[in-house]
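This note's numbering applies: residue 119 is where the sequence shown begins, and numbers increase by one.
Read the hints as simulated data drawn from the structure, not as lab findings. We put the beta carbon where it would ideally sit given N, CA and C, even for glycine. Just so you know, not all the hints are guaranteed correct.
[To be verified] Distance windows between CB atoms, simulated:
#1 S240 x D183: 41 to 49 Å
#2 T166 x V224: 34 to 42 Å
#3 P220 x I268: 35 to 43 Å
#4 Q278 x D183: 43 to 51 Å
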Amino acid sequence: MHVTSVPKEEGRPSRPDAVRLFDPRTCAFFLDVDGTLIDIAIHPDAVTVPSGLLTTLGTLKTAADGALALVSGRTVAGLDALFSPLKLAAAGVHGGEIRLTPEAPVAQQSATLPPETGTRISRLARDLDGVLMEDKGSSIAVHYRLAPQIGPDLQIALEQIVTDYPGLSLLPGRLVFEVKRAGCDKGVAVRQFMAAPGFAGRTPVFIGDDVTDEAAFAAVSQMGGIAVSVGRNLPVADLVLPEAQDVRALLATLVAQQPEE
119 MHVTSVPKEE GRPSRPDAVR LFDPRTCAFF LDVDGTLIDI AIHPDAVTVP SGLLTTLGTL
179 KTAADGALAL VSGRTVAGLD ALFSPLKLAA AGVHGGEIRL TPEAPVAQQS ATLPPETGTR
239 ISRLARDLDG VLMEDKGSSI AVHYRLAPQI GPDLQIALEQ IVTDYPGLSL LPGRLVFEVK
299 RAGCDKGVAV RQFMAAPGFA GRTPVFIGDD VTDEAAFAAV SQMGGIAVSV GRNLPVADLV
359 LPEAQDVRAL LATLVAQQPE E
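Modelling step: build the complete structure from the supplied sequences, incorporating the hints.
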């Protein structure tokens, strides 16, 4: 595992300090999924969960007394399927839905998009080779990993659609654009978790890799927590990890350091 520290203003944790502060007894862990816990794939359904990750997450959840949540652009149902049989607290669709504990029902934080929005985006996806539309109800992801050169034109077309429907916003990501309701993001979700029993009073730690995680980085920083960026040296980040395998190694190290019962 390679960990890179980034310069911070006085009073922010250095790399050794931050690693020491990742104490499951006092921290609340918020983890992005694609590009953070698991490696990016050409198609969202083509990802795999590496061997041992479920055990690591389950053990860390226990060590943190349940204060661990997935915070993802995927739906909560999709997260459950991906990490089955492990079930965790989770926020899905960039904060559009949330489940504060593994046993709680999923609460919808954002209304579904207008049907005509989906119709227009579907037509756009059909007209552009290499574009994949993923309808999540309260958001629509438009992936262009198979045709990265069309990114600028795709953005212009989607911005026009969003402009025609007040209350919608366009969220750029890693070779993906997400059409979603304004007002819901990963930062809002993290704040909801931190106000809930089991998370409140702990030091929030958010680990993410994408532009879609920046609201959560900002929220954690404002709450005096630790922001860990994967693959990008962001000014707000307290630590930078090169790639997802380094995140998995860090979490495995935390688990290995826990005293045996």
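Each hint tested on the structure:
no.	hint	in the structure
1	S240 x D183: 41 to 49 Å	holds (44 Å)
2	T166 x V224: 34 to 42 Å	violated (24 Å)
3	P220 x I268: 35 to 43 Å	holds (40 Å)
4	Q278 x D183: 43 to 51 Å	holds (48 Å)
In this structure, only the earlier hint numbered 2 is contradicted, and the remaining ones agree with it.
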